[in-house]
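Note that the protein sequences, when read in sequence, are chains A and B. The numbering of the first sequence is our numbering, which starts it at 1 and goes up by one. The numbering of the second sequence is our numbering, which starts it at 1 and goes up by one.
Since the hints were derived computationally from the structure, they do not count as laboratory data.
Quick list of the computed label-pair ranges, beta carbon to beta carbon: (1) 229(A) x 191(B): 42 to 50 Å; (2) 202(B) x 233(A): 33 to 41 Å; (3) 227(A) x 223(B): 17 to 25 Å.
List of simulated lysine to aspartate or glutamate pairs, DMTMM-like, C-alpha gap at most 25 Å: (4) 241(A) x 231(B); (5) 261(B) x 334(B); (6) 20(B) x 233(A); (7) 106(B) x 233(A); (8) 241(A) x 230(B); (9) 242(B) x 216(A); (10) 227(B) x 216(A); (11) 278(B) x 296(B); (12) 261(B) x 233(A); (13) 215(A) x 228(B); (14) 227(B) x 213(A); (15) 227(B) x 174(A); (16) 217(A) x 228(B); (17) 261(B) x 234(A); (18) 215(A) x 230(B); (19) 32(B) x 177(B); (20) 241(A) x 174(A); (21) 227(B) x 233(A); (22) 227(B) x 147(A); (23) 217(A) x 239(B); (24) 227(B) x 244(A); (25) 241(A) x 228(B); (26) 217(A) x 222(B); (27) 227(B) x 234(A); (28) 241(A) x 222(B); (29) 198(B) x 177(B); (30) 217(A) x 230(B); (31) 261(B) x 239(B); (32) 227(B) x 238(A); (33) 217(A) x 231(B); (34) 247(B) x 274(B); (35) 217(A) x 238(A); (36) 20(B) x 94(B); (37) 227(B) x 256(A); (38) 215(A) x 231(B); (39) 106(B) x 234(A); (40) 227(B) x 252(A).
Quick caveat: nothing in here was measured; it's all calculated off a predicted structure. Note that beta-carbon positions come from the ideal geometry of N, C-alpha and C, so glycine has one too.
Residue strings, one per chain:
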Amino acid sequence: MTPPKAATAETLDGGAPVGGTEELISGSEAVAHAVRLADVDVLTAYPIRPYDTVMQYVSKLIADGEFDCEFIVAESEHSQFEIVKHASTVGARVFVGSSGVGWLYAFEALAVTAGLRVPMVAMVGNRALDDPGAFGVEHNDALAVRDLGWMLCWVATAQEALDTALIAYRVAEDPRVSLPCALSCDGAFLTHSQSIVNVPDQATVDSFLPPYDRKEKLLHPDNPITIAPQANEDWVMEIRKQSDAGMRRARDVITEAYDDFGAKFGREDEPFIERYMMEDAEIALVGMGTLAMPVKVAVRKMREQGQKVGFVRVRWFRPFPVEELQDALGGVAAVGVIDRDYGLGSAFYGGVLAGDLRTALYPLEDRPKVVSFIAGLGGREINTDNVITIAGMVSDAAEGGTTDDQDTYWIGVRE
Amino acid sequence: MSTGSVEVIYRGIYQKTLAKNICRGVVFAARKEGKIGIAFGRYSDSPERNGIPAKQFAVVADEQEELEEYLSRYEPDNNDVTIACDDTLCKGVESWAWYGLQPINKLLGENGTLLVTSTQSPNKLINFIHRKASPYDLALVRSEASFSGLWVYKDDHTDVRLLGALAKVAPHMFSIDSMLAAIKEQFKDDLKVTSAKKSYDDTEAQPVSTEQGNEEVPYSFELPGWKEMEEGIVIRGMDMSKGGTGKDGSYVPVRNEVFKKFSTRTMRPVINFETCTKCTLCWLNCPDTCFDVTADGLYDANMEACCGCGVCEAVCPVKECVTMVNEEAFDDNDSQWAMWTKDKDGYGKWLAEKIANQPARSHGFHHIGQYEEDIANDSA
Ligand code: SF4
Ligand code: SF4
Chain A
1 MTPPKAATAE TLDGGAPVGG TEELISGSEA VAHAVRLADV DVLTAYPIRP YDTVMQYVSK
61 LIADGEFDCE FIVAESEHSQ FEIVKHASTV GARVFVGSSG VGWLYAFEAL AVTAGLRVPM
121 VAMVGNRALD DPGAFGVEHN DALAVRDLGW MLCWVATAQE ALDTALIAYR VAEDPRVSLP
181 CALSCDGAFL THSQSIVNVP DQATVDSFLP PYDRKEKLLH PDNPITIAPQ ANEDWVMEIR
241 KQSDAGMRRA RDVITEAYDD FGAKFGREDE PFIERYMMED AEIALVGMGT LAMPVKVAVR
301 KMREQGQKVG FVRVRWFRPF PVEELQDALG GVAAVGVIDR DYGLGSAFYG GVLAGDLRTA
361 LYPLEDRPKV VSFIAGLGGR EINTDNVITI AGMVSDAAEG GTTDDQDTYW IGVRE
Chain B
1 MSTGSVEVIY RGIYQKTLAK NICRGVVFAA RKEGKIGIAF GRYSDSPERN GIPAKQFAVV
61 ADEQEELEEY LSRYEPDNND VTIACDDTLC KGVESWAWYG LQPINKLLGE NGTLLVTSTQ
121 SPNKLINFIH RKASPYDLAL VRSEASFSGL WVYKDDHTDV RLLGALAKVA PHMFSIDSML
181 AAIKEQFKDD LKVTSAKKSY DDTEAQPVST EQGNEEVPYS FELPGWKEME EGIVIRGMDM
241 SKGGTGKDGS YVPVRNEVFK KFSTRTMRPV INFETCTKCT LCWLNCPDTC FDVTADGLYD
301 ANMEACCGCG VCEAVCPVKE CVTMVNEEAF DDNDSQWAMW TKDKDGYGKW LAEKIANQPA
361 RSHGFHHIGQ YEEDIANDSA
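Working from the sequences, and respecting the hints, build out all of it.
See the structure below:
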């Protein structure tokens, strides 16, 4: 198992002919490049930290003459999301995004976008849901739409942000899916941190990402259709079932997209999850986003001490990767889920990821214990010591100690 | 242990409060006998539209457990009584979330009673009402359709007259004494109690057999499954190229086959083709594209599409060329122009008779400015 490398042109060894340039850029800037490479037609913006960084970078690309699109600054997030929803129905590839309570201010538009099967791609710069003015990372913002038909993914590096944004367009716009996709980037740790990124060339991107084509669903005078007329109790359930079918089909489409992405770009990633030192792991940690960095460092440290610890990073939260997680975690004795979110009043007062993971593992005959940890709220650091503490408690649970898998532990909170 | 349920079918907005008063009266009367009950509107009809057939229900029961079955229903069937607050509803209803034409007696239980406010003869109404596989009774409360609605409530006692009649036709639900006590308590008005009692005394039901009534099979639709429906909540526009100019030079626009609208109508236009100047105003202004342009350049309103709004009458510049006539004066939706071309003299007599004998209506207006005139007449 190799530690993560900066994915530069030089370090690529997939064998595929990859051009492009190497840049030192933040996660937001990487997403802005993906927006340019995807040749987005309409982009709406409304400022809120930390998502606003992507606005700045796209504006700069436009000002520098490197990119051309309709860049509309709306008067609120609600309008911001409504405008791209409508633009998408007339055939525009769209990009949008927000953070924290801004994302929630658009909630009505978010819900109907999924219901209408609009393949919008949005970046969520994950941020605490205020008050008072907290702007550090928490995942509850993007997670708020988790059951409404949005595909949700979390990335850990700027390179992965760029790559996944391109994959997101391909999956969302695939007629088998036609659902919106939110790409979550942790505030500060990804949106504001620069690293070396391979920015691919246009030709490679064009070979991977076909143009957006709504075909017979294009809202146009030559194709007279109504989208979303009144629907009463005799229609709504069928409409929901169609969205459910789209979400189920997304699994295969995501897998296809990752396969093709690997072939074209030479960066091979497992589609739904990342497994880190899991082959012989006896206990495992699970989490999403940039907390992967300290966790991986801690796992290596613990491995040096002879502890068989592994880590699974969930990339796609919707559709939830049940089969992959059952496969990765079915053999361990205990799992510690580190949620950068909270589920106040939920089962065991646990995190959102912990709850879904328990559900996914429950059908396994030999299921591991799942212990829920909440850490890093409001942008607080999760450091390697925190992770080592967590792993110790997970081992304790595995051995039948006092760590309770029917409780939830807050790590790094002042007592 | 028993339950009883009443379906009230009314004209949206115009009669909303009337329907509510009836359903509440049912529950209060049952309460006087120690029963419990619920009164509810059909949710899909709310917010409703002017004139659209809408429904409310009342259910009473001896025990809470018996009521529970009804608490989560939109449209209880097997009702003891169905009340139609406007006799034009007897032609069938296409309410907001119902697809196709629903016979007025569809949800009435075997040997239940259909109670209608009407000044028509029972036999005339029976000819409108679709045949039913089980026998039922028909009872009339002698009254024009009441305008007791959401914005304006004309207290013409139709509510209590129907409640009095209800006690007569459904004595198993409550006695007239309980009903009168409930009315007295609710309205605190002895005159309304007297009206209810008189209506109780006057009401007679007559049996309707399975052999009687309109034989026509009402149009209906199969709702598609989720796999058949187009994804993305997309509804195709109608293909306008399918309408157009016929061989004889007539023009028939494309119309929505699955939404006909005519059960919304309480009046329909009759057209004097002899005086028509072919000015096109009715055709241009009709909100529902009802007019077929005939080969000879006349305008023939299609009665499957017409919602009876009266705009054509209001815009027609020729005196009495277009006249709105009470819907109960018609037995079918046939083309007036076809009738006229076949027999011009016969049509002329038919037209004169329709215009001369139209009963007054309590809602809907014949011409722009009628409301102001009515107000002036009322205060004079
Ligand atoms: S009443 Fe006249 S204007 Fe109104 S829908 Fe009928 S035909 Fe059209
Ligand atoms: S508005 Fe009157 S006169 Fe003009 S075309 Fe219509 S029916 Fe004839």
